[in-house]
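Peer 1: Sequence:
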Amino acid sequence: MMKNQVIHSQPSFVLANEQVSVAITKRGGQMAPVTFKSRDGQQISPYYISPWQDEEPANMPAEVLVPLRGDFFCMPFGGNASEYKGEKHPPHGETATGVWSFVDDKTSRPDCSRLTLALDTHIRKGRVTKEISLCEQHPVVYQRHTVEGFVGPTPVGHHATLAMPDDVGTFRISTSPFRLGMTNPGVFSDPACGEYQLLAIGKTFGDLKEIPTLLKEPACIDCSRLPLRRGFSDLFAVVADIEGLNGTPAWSAAVNTKEHWVWFSLRDPRKLPTTAFWLENHGRHSFPWNGRNQCLGLEDICGFFADGLAASVNENTLSDQGIATAITCSDATPADIRSIQGAVSVPATFDRVAEICFGDNEITLRSESGQLVTVPLNYKFVLGEGLQP
Numbered sequence: 005m006m007k008n009q010v011i012h013s014q015p016s017f018v019l020a021n022e023q024v025s026v027a028i029t030k031r032g033g034q035m036a037p038v039t040f041k042s043r044d045g046q047q048i049s050p051y052y053i054s055p056w057q058d059e060e061p062a063n064m065p066a067e068v069l070v071p072l073r074g075d076f077f078c079m080p081f082g083g084n085a086s087e088y089k090g091e092k093h094p095p096h097g098e099t100a101t102g103v104w105s106f107v108d109d110k111t112s113r114p115d116c117s118r119l120t121l122a123l124d125t126h127i128r129k130g131r132v133t134k135e136i137s138l139c140e141q142h143p144v145v146y147q148r149h150t151v152e153g154f155v156g157p158t159p160v161g162h163h164a165t166l167a168m169p170d171d172v173g174t175f176r177i178s179t180s181p182f183r184l185g186m187t188n189p190g191v192f193s194d195p196a197c198g199e200y201q202l203l204a205i206g207k208t209f210g211d212l213k214e215i216p217t218l219l220k221e222p223a224c225i226d227c228s229r230l231p232l233r234r235g236f237s238d239l240f241a242v243v244a245d246i247e248g249l250n251g252t253p254a255w256s257a258a259v260n261t262k263e264h265w266v267w268f269s270l271r272d273p274r275k276l277p278t279t280a281f282w283l284e285n286h287g288r289h290s291f292p293w294n295g296r297n298q299c300l301g302l303e304d305i306c307g308f309f310a311d312g313l314a315a316s317v318n319e320n321t322l323s324d325q326g327i328a329t330a331i332t333c334s335d336a337t338p339a340d341i342r343s344i345q346g347a348v349s350v351p352a353t354f355d356r357v358a359e360i361c362f363g364d365n366e367i368t369l370r371s372e373s374g375q376l377v378t379v380p381l382n383y384k385f386v387l388g389e390g391l392q393p
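Residues in the sequence shown are numbered from 5 upward in steps of one, following the working numbering.
Hints should not be assumed to be uniformly reliable.
No more than 30 Å apart at the CA atoms, straight line, and that leaves these computed lysine-lysine pairs for DSS-like [claimed, not checked]:
| hint | residue 1 | residue 2 |
| --- | --- | --- |
| 1 | 110 | 207 |
| 2 | 7 | 41 |
| 3 | 89 | 110 |
| 4 | 41 | 92 |
| 5 | 384 | 30 |
| 6 | 89 | 262 |
| 7 | 220 | 129 |
| 8 | 7 | 384 |
| 9 | 89 | 129 |
| 10 | 275 | 129 |
| 11 | 41 | 110 |
| 12 | 30 | 275 |
| 13 | 262 | 41 |
| 14 | 220 | 207 |
| 15 | 92 | 275 |
| 16 | 92 | 262 |
| 17 | 384 | 275 |
| 18 | 41 | 384 |
| 19 | 41 | 129 |
| 20 | 41 | 30 |
| 21 | 129 | 92 |
| 22 | 275 | 110 |
| 23 | 213 | 275 |
| 24 | 129 | 110 |
| 25 | 110 | 30 |
| 26 | 110 | 7 |
I should point out that these hints are in silico values taken from the structure, not numbers from a laboratory.
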């Protein structure tokens, strides 16, 4: 059942079952905290809450920062600094900043719970319906966003953000096979604004373990083991190898090797081909960051990095290579974007996820060390099949 609660200063909707408790802020529809209860009783709360949430309210430089936490649906995804055909959207769009309204908490399935919210957009007219579903024995959150109206092209995405551990290398990061990896094509962190970055600008790579830097030494750095050196804020992206996935979902995973759990996300790479990684490790010193922010974004998107609407719908480095950086919304057919995110305990010897195998109503995560962890869920949901709570 759904209840209302103020959590870290934000009025929120809370949906829970025996395995998962999920809070969604009314402002921005931002999802955190989320607690996953593993079979061994471990309580896993992987998502980030910005450090200013319980401080005295202040005027934020961007509306999205007011509730900033966890995962949230962005449309248009990105900074949106430039106008597009007279439209000027806030960073990550009204879906990440506006007030979501309760629709219902009804479901036709006795083994599932569902919360339905809605938001009307005004800068470009449309209506977005958010469905959050939990199912018994499934340690995951099923999300579906349906977009009516909002006619025209737009980048979209899920801004999943995890709390970054303090110890260097604690997180082991991996993804499904990708066709292209690339660091942010422009300056991501500007020293003139009190920001600092470590990664090179606009460089390609084929392995998370060897991503180019701005330095002569090391010229490349291992971004499969996070956090990196303290004091930097960076962005890079990988584009899924759709053909190599053979019709299965694309995935991202982060293993906390100190607390022994894994967080993962599943998506349809035909709709969200790219994952943008935001590495924030005390690298921003302007308000409200103040050099204290530490988190990891694993953001499944259809967009041109975090540059927003204009950059994504116009020709760009990715679209020139046949990679979609925007969807097209129409009155005829509502857009349907889905995501599965979950977390489970893993053995102490489970290191980095090497592979995810898809079975009947389950997935199996295999670590590089050879450990196997099976998770019950309906992965076909992200492909638009099955599980209609």
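Peer 1: Indicate, hint by hint, whether the structure satisfies it.
Peer 2: Status of the hints after comparison with the structure:
| no. | hint | result |
| --- | --- | --- |
| 1 | 110 with 207 | 48 Å, violated |
| 2 | 7 with 41 | 19 Å, holds |
| 3 | 89 with 110 | 39 Å, violated |
| 4 | 41 with 92 | 41 Å, violated |
| 5 | 384 with 30 | 29 Å, holds |
| 6 | 89 with 262 | 49 Å, violated |
| 7 | 220 with 129 | 49 Å, violated |
| 8 | 7 with 384 | 29 Å, holds |
| 9 | 89 with 129 | 14 Å, holds |
| 10 | 275 with 129 | 22 Å, holds |
| 11 | 41 with 110 | 23 Å, holds |
| 12 | 30 with 275 | 26 Å, holds |
| 13 | 262 with 41 | 17 Å, holds |
| 14 | 220 with 207 | 14 Å, holds |
| 15 | 92 with 275 | 24 Å, holds |
| 16 | 92 with 262 | 43 Å, violated |
| 17 | 384 with 275 | 14 Å, holds |
| 18 | 41 with 384 | 23 Å, holds |
| 19 | 41 with 129 | 40 Å, violated |
| 20 | 41 with 30 | 24 Å, holds |
| 21 | 129 with 92 | 13 Å, holds |
| 22 | 275 with 110 | 27 Å, holds |
| 23 | 213 with 275 | 27 Å, holds |
| 24 | 129 with 110 | 27 Å, holds |
| 25 | 110 with 30 | 19 Å, holds |
| 26 | 110 with 7 | 13 Å, holds |
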